[in-house]
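Between the sequences and the hints, there should be enough to build the whole structure, so can you do that?
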Amino acid sequence: MGGSGTVTPKITTDSPLPEGTVGVSYTATLEATGNDITWSSNGMPEWMTLDSSTGVISGPPTTADTYTFTVTATNDSGSDSKQFTLTIEAAANVPVDSVSLDKTSLTLTEGGTETLTATITPDNATNKAVMWSSDNESVATVVDGIVTAVAPGTATITATAADGSGKTAACTVTVERPYVPPANPNYRIDVTATEGGTVDKDPAAAKAGETVTLTPAPEEGYEVGEVIVTDRFGDTVDVTANPDGTYTFTMPNGQVKVEVTFVEVQPEPLPFTDVSETDWFHDAVRYVYDNGLMDGVGDGQFAPNATTNRAMVVTILHRLAGEPAVAGDVGFTDVEPGLWYTDAVAWAAQKGIVNGISETEFSPSGDLTREQLATILYRYAESAGYDVSAQADLSGFPDAGDIQSYATEALSWAVAEGLLQGFEDDSLQPGGTATRAQIATILMRFLAAVPTA
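Numbering of the sequence shown is given in the working numbering, commencing with residue 6 and proceeding in unit increments.
Incorrect hints may have been included.
[To be verified] Here are the simulated DSS-like cross-link-like pairs (lysine-lysine), alpha carbons at most 25 Å apart as the crow flies: (1) 87 to 15; (2) 172 to 133; (3) 262 to 212.
Source of the hints: derived by calculation from the structure; they are not laboratory data.
Pasting the structure below:
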(Lines of atoms letter the chains of each structure in order from A and count residues from 1; the text may use other names and numbers.)
(Lines give C-alpha, C1' and ligand atoms only; values in the text may rest on other atoms or scores of the structure.)
Protein backbone atom coordinates (compact mmCIF):
# COMPACT_ATOMS: atom_id res chain seq x y z
CA MET A 1 0.00 0.00 0.00
CA GLY A 2 1.06 3.57 -0.57
CA GLY A 3 1.79 5.99 2.24
CA SER A 4 -0.98 8.09 3.77
CA GLY A 5 -2.32 10.66 1.25
CA THR A 6 -0.09 9.58 -1.65
CA VAL A 7 -0.75 7.69 -4.88
CA THR A 8 1.77 5.51 -6.67
CA PRO A 9 3.09 7.47 -9.71
CA LYS A 10 2.10 6.55 -13.28
CA ILE A 11 4.04 8.21 -16.15
CA THR A 12 1.51 9.54 -18.66
CA THR A 13 3.85 11.16 -21.27
CA ASP A 14 3.86 9.26 -24.58
CA SER A 15 6.94 7.98 -26.33
CA PRO A 16 8.55 8.88 -28.66
CA LEU A 17 9.11 12.44 -27.51
CA PRO A 18 8.77 15.35 -29.97
CA GLU A 19 11.71 15.61 -32.38
CA GLY A 20 14.49 18.22 -32.12
CA THR A 21 17.19 19.78 -34.32
CA VAL A 22 20.96 20.01 -33.86
CA GLY A 23 21.92 23.43 -32.52
CA VAL A 24 18.36 24.35 -31.49
CA SER A 25 17.71 24.24 -27.72
CA TYR A 26 15.40 21.33 -26.88
CA THR A 27 12.89 21.14 -23.99
CA ALA A 28 10.05 18.80 -23.02
CA THR A 29 8.07 18.20 -19.81
CA LEU A 30 7.44 14.67 -18.52
CA GLU A 31 4.17 14.14 -16.65
CA ALA A 32 2.87 11.49 -14.23
CA THR A 33 -0.06 10.93 -11.89
CA GLY A 34 0.52 11.21 -8.15
CA ASN A 35 2.23 13.88 -6.12
CA ASP A 36 5.57 14.64 -4.44
CA ILE A 37 7.35 13.02 -7.39
CA THR A 38 11.11 12.85 -7.84
CA TRP A 39 12.39 12.25 -11.40
CA SER A 40 15.53 10.34 -12.36
CA SER A 41 16.95 8.91 -15.57
CA ASN A 42 19.26 6.32 -17.01
CA GLY A 43 21.03 6.48 -20.39
CA MET A 44 20.20 10.11 -21.31
CA PRO A 45 22.54 11.76 -23.90
CA GLU A 46 25.32 13.91 -22.48
CA TRP A 47 23.85 17.17 -23.75
CA MET A 48 20.50 16.58 -21.97
CA THR A 49 19.59 17.30 -18.32
CA LEU A 50 16.53 16.27 -16.27
CA ASP A 51 15.09 18.49 -13.52
CA SER A 52 14.39 16.04 -10.67
CA SER A 53 11.52 18.10 -9.22
CA THR A 54 9.70 19.31 -12.37
CA GLY A 55 10.36 16.49 -14.88
CA VAL A 56 11.63 18.99 -17.46
CA ILE A 57 14.28 17.66 -19.87
CA SER A 58 16.37 20.21 -21.77
CA GLY A 59 19.65 20.95 -23.52
CA PRO A 60 21.26 21.95 -26.83
CA PRO A 61 21.43 18.91 -29.17
CA THR A 62 24.89 18.41 -30.61
CA THR A 63 24.52 15.34 -32.82
CA ALA A 64 21.78 14.07 -35.14
CA ASP A 65 20.64 10.64 -33.84
CA THR A 66 17.77 8.67 -32.28
CA TYR A 67 18.33 8.39 -28.53
CA THR A 68 16.76 5.81 -26.17
CA PHE A 69 16.75 6.30 -22.39
CA THR A 70 14.69 5.40 -19.31
CA VAL A 71 12.98 7.83 -16.92
CA THR A 72 11.67 6.94 -13.45
CA ALA A 73 9.05 8.81 -11.35
CA THR A 74 9.26 8.08 -7.60
CA ASN A 75 7.35 9.07 -4.44
CA ASP A 76 6.70 7.57 -0.99
CA SER A 77 4.11 5.09 -2.44
CA GLY A 78 6.38 3.63 -5.12
CA SER A 79 7.74 4.36 -8.60
CA ASP A 80 7.08 3.99 -12.33
CA SER A 81 9.68 3.72 -15.10
CA LYS A 82 9.24 4.25 -18.82
CA GLN A 83 11.54 4.05 -21.85
CA PHE A 84 11.54 7.01 -24.22
CA THR A 85 12.94 7.57 -27.68
CA LEU A 86 13.94 10.96 -29.05
CA THR A 87 14.98 11.75 -32.63
CA ILE A 88 17.30 14.74 -33.27
CA GLU A 89 17.45 15.86 -36.89
CA ALA A 90 20.49 17.42 -38.54
CA ALA A 91 20.46 21.21 -38.73
CA ALA A 92 19.55 22.83 -41.99
CA ASN A 93 22.63 24.05 -43.90
CA VAL A 94 23.24 27.83 -43.64
CA PRO A 95 25.59 28.92 -46.43
CA VAL A 96 28.26 31.65 -46.14
CA ASP A 97 27.12 35.02 -47.47
CA SER A 98 30.48 36.81 -47.39
CA VAL A 99 34.12 36.67 -46.26
CA SER A 100 36.06 39.78 -45.20
CA LEU A 101 39.61 40.44 -43.90
CA ASP A 102 40.73 42.95 -41.27
CA LYS A 103 43.36 44.26 -43.78
CA THR A 104 43.14 44.58 -47.55
CA SER A 105 46.78 45.62 -47.99
CA LEU A 106 49.93 44.91 -46.06
CA THR A 107 53.59 45.95 -46.26
CA LEU A 108 56.27 43.75 -44.70
CA THR A 109 60.04 43.53 -44.71
CA GLU A 110 61.82 40.28 -45.52
CA GLY A 111 61.37 37.79 -42.67
CA GLY A 112 58.54 39.79 -41.09
CA THR A 113 55.15 38.32 -40.19
CA GLU A 114 51.60 39.62 -39.74
CA THR A 115 48.35 37.91 -38.82
CA LEU A 116 45.20 38.38 -40.94
CA THR A 117 41.78 37.78 -39.39
CA ALA A 118 38.85 36.52 -41.51
CA THR A 119 35.21 37.27 -40.63
CA ILE A 120 32.32 35.07 -41.93
CA THR A 121 28.71 36.20 -42.28
CA PRO A 122 26.13 35.29 -41.25
CA ASP A 123 27.12 34.38 -37.69
CA ASN A 124 25.05 31.17 -37.87
CA ALA A 125 26.66 29.86 -41.04
CA THR A 126 26.92 26.10 -40.85
CA ASN A 127 30.60 25.97 -41.79
CA LYS A 128 32.61 29.04 -40.81
CA ALA A 129 36.04 27.63 -41.70
CA VAL A 130 38.23 29.35 -44.31
CA MET A 131 41.07 28.13 -46.50
CA TRP A 132 44.16 30.34 -46.96
CA SER A 133 46.32 30.62 -50.09
CA SER A 134 49.03 32.81 -51.63
CA ASP A 135 49.33 33.37 -55.36
CA ASN A 136 53.11 33.87 -55.06
CA GLU A 137 54.72 31.86 -52.28
CA SER A 138 58.20 32.98 -53.35
CA VAL A 139 57.15 36.42 -52.08
CA ALA A 140 54.83 35.59 -49.15
CA THR A 141 53.33 32.47 -47.57
CA VAL A 142 50.28 32.07 -45.36
CA VAL A 143 49.34 29.45 -42.74
CA ASP A 144 46.15 29.85 -40.65
CA GLY A 145 46.13 33.56 -41.45
CA ILE A 146 49.79 34.15 -40.45
CA VAL A 147 51.55 35.83 -43.40
CA THR A 148 55.34 35.46 -43.66
CA ALA A 149 57.38 37.73 -45.96
CA VAL A 150 59.87 35.67 -48.01
CA ALA A 151 61.41 38.02 -50.60
CA PRO A 152 60.77 41.46 -52.13
CA GLY A 153 57.75 41.59 -54.44
CA THR A 154 53.94 41.45 -54.35
CA ALA A 155 51.61 38.57 -53.51
CA THR A 156 47.86 38.24 -53.01
CA ILE A 157 46.66 36.37 -49.94
CA THR A 158 43.15 34.91 -50.31
CA ALA A 159 40.76 33.57 -47.69
CA THR A 160 38.09 31.21 -49.22
CA ALA A 161 34.98 29.94 -47.44
CA ALA A 162 35.33 26.17 -46.87
CA ASP A 163 31.61 25.44 -47.37
CA GLY A 164 31.90 25.51 -51.15
CA SER A 165 29.94 28.75 -51.49
CA GLY A 166 32.84 30.32 -53.40
CA LYS A 167 32.98 33.40 -51.17
CA THR A 168 36.48 34.95 -50.88
CA ALA A 169 38.39 37.95 -49.57
CA ALA A 170 41.89 39.11 -50.56
CA CYS A 171 44.79 41.13 -49.19
CA THR A 172 47.65 42.49 -51.29
CA VAL A 173 51.01 41.97 -49.58
CA THR A 174 54.06 44.02 -50.55
CA VAL A 175 57.42 42.75 -49.31
CA GLU A 176 60.36 45.15 -49.09
CA ARG A 177 64.02 44.72 -48.27
CA PRO A 178 64.89 45.75 -44.68
CA TYR A 179 66.35 49.23 -44.26
CA VAL A 180 70.07 49.15 -43.56
CA PRO A 181 71.10 52.45 -41.97
CA PRO A 182 74.45 53.97 -42.90
CA ALA A 183 77.44 53.56 -40.60
CA ASN A 184 76.65 55.07 -37.20
CA PRO A 185 79.11 57.87 -36.36
CA ASN A 186 80.00 59.17 -32.91
CA TYR A 187 78.21 62.43 -32.11
CA ARG A 188 79.51 65.21 -29.91
CA ILE A 189 78.24 65.75 -26.34
CA ASP A 190 78.68 69.41 -25.32
CA VAL A 191 78.46 70.18 -21.60
CA THR A 192 77.93 73.90 -20.93
CA ALA A 193 80.01 75.69 -18.29
CA THR A 194 78.48 75.30 -14.83
CA GLU A 195 78.77 77.07 -11.47
CA GLY A 196 78.67 75.17 -8.21
CA GLY A 197 79.91 71.86 -9.57
CA THR A 198 81.31 69.85 -12.46
CA VAL A 199 79.86 67.20 -14.80
CA ASP A 200 81.56 64.07 -16.10
CA LYS A 201 80.24 62.38 -19.26
CA ASP A 202 80.76 58.77 -20.30
CA PRO A 203 81.46 58.26 -23.15
CA ALA A 204 82.85 61.58 -24.34
CA ALA A 205 81.07 61.06 -27.70
CA ALA A 206 78.42 58.49 -28.57
CA LYS A 207 76.66 56.74 -31.42
CA ALA A 208 72.90 57.06 -31.92
CA GLY A 209 71.11 54.65 -29.60
CA GLU A 210 74.03 54.39 -27.16
CA THR A 211 73.46 55.06 -23.43
CA VAL A 212 75.29 58.13 -22.11
CA THR A 213 75.95 58.54 -18.37
CA LEU A 214 76.30 61.96 -16.76
CA THR A 215 77.84 62.25 -13.28
CA PRO A 216 77.33 65.67 -11.68
CA ALA A 217 79.68 66.52 -8.79
CA PRO A 218 78.32 69.44 -6.72
CA GLU A 219 80.74 71.61 -4.76
CA GLU A 220 80.30 71.81 -0.98
CA GLY A 221 77.11 73.66 -0.14
CA TYR A 222 75.52 72.90 -3.52
CA GLU A 223 73.23 70.22 -4.88
CA VAL A 224 72.06 69.22 -8.38
CA GLY A 225 69.20 71.34 -9.66
CA GLU A 226 68.17 70.50 -13.24
CA VAL A 227 69.74 68.20 -15.83
CA ILE A 228 68.56 69.13 -19.34
CA VAL A 229 69.70 67.51 -22.59
CA THR A 230 68.64 68.90 -25.99
CA ASP A 231 69.28 67.52 -29.48
CA ARG A 232 70.56 69.38 -32.53
CA PHE A 233 67.06 70.68 -33.24
CA GLY A 234 66.64 72.06 -29.73
CA ASP A 235 64.17 69.35 -28.72
CA THR A 236 64.43 67.91 -25.19
CA VAL A 237 65.90 64.41 -24.81
CA ASP A 238 64.48 62.18 -22.05
CA VAL A 239 66.86 61.94 -19.07
CA THR A 240 66.63 59.29 -16.31
CA ALA A 241 67.76 60.12 -12.76
CA ASN A 242 69.38 57.06 -11.14
CA PRO A 243 69.54 56.17 -7.41
CA ASP A 244 73.37 56.43 -7.43
CA GLY A 245 73.25 60.13 -8.37
CA THR A 246 74.02 59.63 -12.07
CA TYR A 247 71.80 60.56 -15.01
CA THR A 248 71.43 58.61 -18.26
CA PHE A 249 69.96 59.28 -21.68
CA THR A 250 69.88 57.59 -25.07
CA MET A 251 71.98 59.35 -27.68
CA PRO A 252 69.83 60.69 -30.55
CA ASN A 253 70.87 60.84 -34.18
CA GLY A 254 73.11 63.87 -33.83
CA GLN A 255 75.06 65.96 -31.32
CA VAL A 256 73.52 67.04 -27.99
CA LYS A 257 73.85 69.89 -25.51
CA VAL A 258 73.94 69.12 -21.78
CA GLU A 259 73.01 71.77 -19.21
CA VAL A 260 73.35 70.97 -15.50
CA THR A 261 72.49 73.57 -12.89
CA PHE A 262 73.67 73.50 -9.28
CA VAL A 263 71.79 75.30 -6.53
CA GLU A 264 72.89 76.28 -3.05
CA VAL A 265 71.70 73.95 -0.31
CA GLN A 266 69.40 75.79 2.06
CA PRO A 267 69.90 74.43 5.59
CA GLU A 268 66.99 73.90 7.92
CA PRO A 269 66.66 76.71 10.49
CA LEU A 270 68.19 76.06 13.89
CA PRO A 271 65.69 74.78 16.46
CA PHE A 272 66.75 77.40 19.02
CA THR A 273 64.61 80.46 19.73
CA ASP A 274 67.55 82.29 21.36
CA VAL A 275 69.85 82.11 18.29
CA SER A 276 69.07 84.35 15.33
CA GLU A 277 70.83 84.63 11.97
CA THR A 278 72.16 88.08 12.88
CA ASP A 279 73.97 86.88 16.02
CA TRP A 280 77.77 86.86 15.79
CA PHE A 281 77.79 83.26 17.01
CA HIS A 282 75.05 81.95 14.66
CA ASP A 283 77.42 80.19 12.24
CA ALA A 284 79.37 78.58 15.09
CA VAL A 285 76.18 77.28 16.74
CA ARG A 286 75.05 75.95 13.37
CA TYR A 287 78.40 74.18 12.95
CA VAL A 288 78.51 72.44 16.34
CA TYR A 289 74.81 71.52 16.16
CA ASP A 290 75.02 70.10 12.62
CA ASN A 291 78.12 68.08 13.58
CA GLY A 292 76.52 66.68 16.74
CA LEU A 293 79.04 68.33 19.08
CA MET A 294 76.62 70.49 21.08
CA ASP A 295 72.88 70.31 21.69
CA GLY A 296 70.39 72.69 23.21
CA VAL A 297 69.68 72.91 26.92
CA GLY A 298 65.94 72.20 26.55
CA ASP A 299 62.75 74.13 25.80
CA GLY A 300 64.11 75.15 22.40
CA GLN A 301 67.04 77.06 23.97
CA PHE A 302 70.76 76.94 23.19
CA ALA A 303 71.66 79.34 26.03
CA PRO A 304 74.54 81.04 24.16
CA ASN A 305 75.44 83.31 27.10
CA ALA A 306 75.41 80.55 29.71
CA THR A 307 78.77 79.42 31.04
CA THR A 308 80.14 76.02 30.11
CA ASN A 309 81.12 73.61 32.84
CA ARG A 310 83.86 70.98 32.83
CA ALA A 311 81.48 68.05 32.17
CA MET A 312 80.09 69.75 29.06
CA VAL A 313 83.50 70.32 27.51
CA VAL A 314 84.80 66.77 27.99
CA THR A 315 81.49 65.44 26.63
CA ILE A 316 81.92 67.58 23.49
CA LEU A 317 85.47 66.28 22.96
CA HIS A 318 84.35 62.71 23.62
CA ARG A 319 81.76 63.12 20.84
CA LEU A 320 84.40 64.66 18.58
CA ALA A 321 86.60 61.60 19.12
CA GLY A 322 83.74 59.31 18.08
CA GLU A 323 82.65 58.39 21.63
CA PRO A 324 85.26 55.64 22.16
CA ALA A 325 84.44 53.03 24.79
CA VAL A 326 86.16 53.23 28.17
CA ALA A 327 87.11 50.56 30.67
CA GLY A 328 87.64 50.70 34.42
CA ASP A 329 86.33 53.01 37.12
CA VAL A 330 85.98 56.70 36.50
CA GLY A 331 88.19 57.41 39.52
CA PHE A 332 86.32 60.45 40.90
CA THR A 333 83.94 60.36 43.84
CA ASP A 334 81.80 63.18 42.43
CA VAL A 335 81.15 61.40 39.07
CA GLU A 336 78.55 58.70 39.53
CA PRO A 337 78.21 55.75 37.12
CA GLY A 338 75.62 56.02 34.34
CA LEU A 339 75.44 59.83 34.07
CA TRP A 340 75.41 61.57 30.68
CA TYR A 341 79.03 62.67 31.17
CA THR A 342 80.45 59.62 33.07
CA ASP A 343 82.10 57.92 30.06
CA ALA A 344 83.40 61.23 28.73
CA VAL A 345 85.07 62.12 32.05
CA ALA A 346 86.64 58.66 32.33
CA TRP A 347 87.92 58.85 28.75
CA ALA A 348 89.33 62.38 29.13
CA ALA A 349 91.05 61.50 32.42
CA GLN A 350 92.54 58.26 31.04
CA LYS A 351 93.84 60.12 27.97
CA GLY A 352 95.39 62.86 30.15
CA ILE A 353 93.27 65.51 28.43
CA VAL A 354 91.82 66.87 31.67
CA ASN A 355 92.67 66.37 35.36
CA GLY A 356 90.52 66.52 38.44
CA ILE A 357 90.63 69.43 40.82
CA SER A 358 92.03 66.93 43.35
CA GLU A 359 93.01 63.29 43.49
CA THR A 360 89.38 62.26 44.06
CA GLU A 361 87.22 65.10 42.68
CA PHE A 362 86.54 66.13 39.09
CA SER A 363 84.03 68.97 39.73
CA PRO A 364 81.84 68.28 36.67
CA SER A 365 79.67 71.37 37.25
CA GLY A 366 82.61 73.67 37.81
CA ASP A 367 82.98 76.66 35.47
CA LEU A 368 85.68 76.47 32.82
CA THR A 369 88.09 79.36 32.29
CA ARG A 370 89.49 80.38 28.93
CA GLU A 371 93.00 79.18 29.82
CA GLN A 372 91.59 75.85 31.06
CA LEU A 373 89.70 75.46 27.77
CA ALA A 374 92.86 76.22 25.77
CA THR A 375 94.77 73.65 27.83
CA ILE A 376 92.13 70.95 27.30
CA LEU A 377 92.06 71.55 23.53
CA TYR A 378 95.86 71.55 23.41
CA ARG A 379 96.06 68.22 25.24
CA TYR A 380 93.33 66.74 23.03
CA ALA A 381 95.17 67.77 19.84
CA GLU A 382 98.48 66.52 21.26
CA SER A 383 96.98 63.12 22.24
CA ALA A 384 95.53 62.75 18.76
CA GLY A 385 98.95 63.34 17.19
CA TYR A 386 98.15 66.72 15.62
CA ASP A 387 100.76 69.40 15.05
CA VAL A 388 100.76 71.70 18.10
CA SER A 389 104.07 73.43 17.40
CA ALA A 390 102.58 76.86 16.55
CA GLN A 391 103.35 79.46 19.26
CA ALA A 392 102.38 83.12 19.61
CA ASP A 393 104.02 85.87 21.65
CA LEU A 394 101.59 86.62 24.48
CA SER A 395 103.57 89.54 25.91
CA GLY A 396 101.51 92.05 23.96
CA PHE A 397 98.41 91.35 25.99
CA PRO A 398 98.14 93.68 28.99
CA ASP A 399 96.98 90.82 31.24
CA ALA A 400 99.62 88.32 30.07
CA GLY A 401 100.92 88.24 33.63
CA ASP A 402 97.63 86.70 34.77
CA ILE A 403 98.27 83.53 32.78
CA GLN A 404 99.03 80.58 35.03
CA SER A 405 102.22 78.76 34.19
CA TYR A 406 100.56 75.45 33.32
CA ALA A 407 98.50 77.16 30.63
CA THR A 408 101.15 79.34 28.99
CA GLU A 409 102.16 76.93 26.23
CA ALA A 410 98.56 75.94 25.50
CA LEU A 411 97.38 79.59 25.33
CA SER A 412 100.33 80.49 23.08
CA TRP A 413 99.31 77.69 20.70
CA ALA A 414 95.59 78.60 20.86
CA VAL A 415 96.31 82.26 20.02
CA ALA A 416 98.71 81.27 17.21
CA GLU A 417 96.02 79.05 15.67
CA GLY A 418 93.40 81.80 16.06
CA LEU A 419 91.28 79.75 18.47
CA LEU A 420 91.31 82.44 21.15
CA GLN A 421 91.47 86.15 20.41
CA GLY A 422 91.76 89.28 22.50
CA PHE A 423 88.83 91.42 23.56
CA GLU A 424 88.10 95.03 22.54
CA ASP A 425 90.37 96.31 25.30
CA ASP A 426 93.17 94.05 23.95
CA SER A 427 92.98 91.84 27.05
CA LEU A 428 93.15 88.05 26.78
CA GLN A 429 91.21 87.39 30.00
CA PRO A 430 92.73 83.95 30.65
CA GLY A 431 90.81 83.51 33.89
CA GLY A 432 87.46 84.57 32.41
CA THR A 433 84.74 81.98 31.94
CA ALA A 434 83.84 80.75 28.44
CA THR A 435 80.19 81.00 27.38
CA ARG A 436 78.49 78.35 25.28
CA ALA A 437 78.57 80.71 22.28
CA GLN A 438 82.35 81.21 22.75
CA ILE A 439 82.87 77.45 23.12
CA ALA A 440 80.97 76.84 19.86
CA THR A 441 83.12 79.45 18.09
CA ILE A 442 86.39 78.07 19.46
CA LEU A 443 85.41 74.51 18.47
CA MET A 444 84.62 75.64 14.91
CA ARG A 445 87.99 77.40 14.66
CA PHE A 446 89.75 74.40 16.23
CA LEU A 447 88.32 71.93 13.72
CA ALA A 448 89.28 74.25 10.87
CA ALA A 449 92.85 74.53 12.20
CA VAL A 450 93.66 70.88 12.84
CA PRO A 451 92.75 67.65 11.01
CA THR A 452 89.96 65.56 12.54
CA ALA A 453 90.69 62.18 11.00
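Consistency of the hints with the structure:
no., hint, result
1, 87 to 15, "9 Å, holds"
2, 172 to 133, "11 Å, holds"
3, 262 to 212, "15 Å, holds"
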